Amino acid sequence: MATQTQPPAGTGTAPALQRHRGFFEVMQDWITTVDHKKIGIMYITYALIFLLVAGVEALLIRIQLAVPNNTFVSPEVFNRLFTMHGTTMVFFVGMPILFGFGNYLVPLMVGARDMAFPRLNAFSFWISAFGGMLLYFSYFAGSGLYGAGTAPDVGWFAYAPLTARVFSPGHSTDYWTFSIFLSGIGSIGTALNIVATTLCMRCPGMKLNRMPLLVWLYLVTSGLVFVTISPLTAAQIMLCIDRYLGGHFFDTQAGGSAVLWMHFFWIFGHPEVYILVLPAFAFANEIIPVFSRKAIFGYPAMVAATVGIGFISLSVWAHHMFTVGMGPGPNAFFTFSTMVIAVPTGIKIFNWLATLWGGNIHFTVPMMFSIAFLFQFLIAGLTGIILSVSPFDWQLGNSYFVVAHFHYVLVGAILFMIFAAFYYWYPKMSGRMLSNALGKWHFWLFFIGFHLTFDFMHVPGLMGMPRRIYTYEADRGWGFWNLIVSSGAIFQAVAVLIFAYNLVVSYFKGETAGPDPWDAWTLEWSTSSPPPSYNFAVIPTVESRRPLWDLKHPEEPDSQYE
Amino acid sequence: MSTAVAVPHQPVEGWHEPSRGVVGMVCLIIAESAIFVIFVVAYLYYIGKSLTGPYPHDVLELPIFATVCLLSSSVTVHFAVHELRAARVARSAWWLAATVLLGSIFIGFTAMEWYQLIYHDGLTIRTNLFGTTFYSLVGLHASHVIVGLIMLGLTLIFAIAGKVTQQHAERLEVLSLYWHFVDAVWVVVFTVVYIVGR
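If you're matching them up, the sequences are chains A and B in order. The opening residue of the first sequence carries number 1 in the working numbering; numbering runs sequentially from there. The opening residue of the second sequence carries number 1001 in the working numbering; numbering runs sequentially from there.
Hints were generated in silico from the structure; no laboratory data involved. This structure is a prediction, so every number in the text was calculated from the model and none was measured. Cβ coordinates follow ideal geometry from the N, Cα and C atoms, glycine included. Honestly, I wouldn't trust all of these hints.
To be verified - Here are the simulated lysine to aspartate or glutamate pairs, DMTMM-like style, with alpha carbons at most 20 Å apart: (1) A:K207 - B:E1017; (2) A:K207 - B:E1170; (3) A:K552 - A:E562; (4) A:K294 - A:E562; (5) A:K207 - A:D558; (6) A:K552 - A:D519.
Said to hold, decoys possible - Just some of the chain B residues that point at chain A, by a computed CB distance under 10 Å: (7) V1007; (8) I1038; (9) F1039; (10) I1125.
The task is simple: from the sequences and hints, build the whole structure.
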């Protein structure tokens, strides 16, 4: 039976008693902090700013494509827009937001006072932040010849030999290379911290099979980061050697192979999307049980499925290369492995459904986003299976069907769960609840916009519309569908603005949140909102997977059943 | 709403967790290994594909002595850790010095080999695929050796200055893990470049 320990009086109480601090003092505090909570918030804020910027880039793309033969932007600008949109969203929105939540939550959830290496944590954030600044500096600092101007324009995957010095003179490609290289160093540092914290700093009693599932998923994600980001780093070093030292890694004139870049990039690129999606699963694993008032169904299977997804994701990369001519053997192998990865993913979906089944469901805003996530992720997975069949991919590869598929995952699954995580953990981070009414407006507008855009985007893909074209002829029949797709973007933009407004206004005027507004069960809800800088006055001990349930229900603790 | 918080707390017997430094270094080693794997794959893929010479069998000689030096330095650093754990700081410093010396000999041999290749055999990073992949892979390894030598050298300086004590043994062990990794990578690079690729 767990006993309660009251921390010394005066800890974690209202901030009204703090003395007024000057602006520069606050700035210095945040810039020099090694506190995982502050670093997490900086990561998240930084990512939100880039979300708005990359969102504007998307809007510009959609305006250009809304009608045939449009001249809203030139082809050169269009190339930069989709390159920057993709690069920003993956590396400077997706990764920072997910590492931000991980940084904030993992130490709290394992009962630790900070990450294993706080200074490395700060270093990782600042070097990633610098990477993002460097990428956008390219808009101002461009140099190079006609047509090779400012921001990178080679696609977010920067295929060779387009990136060779002769085809991309100037420095735009180098901004792509170096900014991502720096952000990769930051990602490896944060992943190292998460693994070390998880393995070495769990509070007493928290055996590995008693950790919250979020911590498990971040552990697997971090392991993936080590073997995923490094291939990209290696490939980028090779690209720089080619561009500046006269190397021939990807130089076909000297016997090199441009396809080798594709292999190296996608050996990074595919597991990268699993790095992006596993934290979304982590949020679902925490949020869905709390609002179903049931423990997650099948905890061991969830762990095993996650580890399985991690391993299999390293074996599917060439499904991005079916049209390159690898031959029937490799094509068949990668079709098979891509289909196999659906099995552990399906296990997770079934377990979420089984958690909901028979539960007492509360349709709070985080739960609404989570339920949308469930069926949107399923559809995204199904279009992925369609694409995994290599002959079918020969028809649909490089078309808007692929764009629709991956945005269905990235936006429909990952971004929806990120929104859910915001509404769920904002009270903990700030001490205020986000406005429920604004949250519902955000949800429904975004939901309508998402489906208008990405459901109908599959149709031009099926009709043959290729990716990365800056305009198209009117007689293709694509114009009608593109107009609908673009109209959905407006709804999403409005919804995101409402969300941003909600974040800011609720900080000042939101309802005060106590330590545990959602009646949840993991250790972060045992601290005040926001937690004190040391997290726990007394390091907790746990006896089950839901330590707060045990505290609140001493007559029927989980430790009796586990 | 009450702001008092309740934290579950019961005493727990026998709670052991691994060392943070060791786990952190293992993670770094995994990540660095993945980088090396990609360069090794590129090297293997491009064996025999250079359009022009010089070719590996023309210009490469087995660096036996340098390899023996580097691998021995793993043994010496192991003893350095062992002596520091036993609080014999002076002996540990001698073993560290031996490690730094052996590692420096390895780098010296690499430098002499590269001088020969560049100025007498005409092989540079831009000459052909062999040149590109050779200098990248061996150079990446050499840069990791240099970083390791800097760290070991700093430790040696601190030891000579009397700042290193038995309490630092675990940190030296973490550094020695990095050094063992560098040696293991050399075994792979040596096999791929000087045996398989020739």
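Hint check:
no., hint, in the structure
1, A:K207 - B:E1017, "holds, 10 Å"
2, A:K207 - B:E1170, "violated, 25 Å"
3, A:K552 - A:E562, "holds, 17 Å"
4, A:K294 - A:E562, "holds, 15 Å"
5, A:K207 - A:D558, "holds, 15 Å"
6, A:K552 - A:D519, "holds, 9 Å"
7, V1007, "holds, 5 Å"
8, I1038, "holds, 4 Å"
9, F1039, "holds, 6 Å"
10, I1125, "holds, 5 Å"
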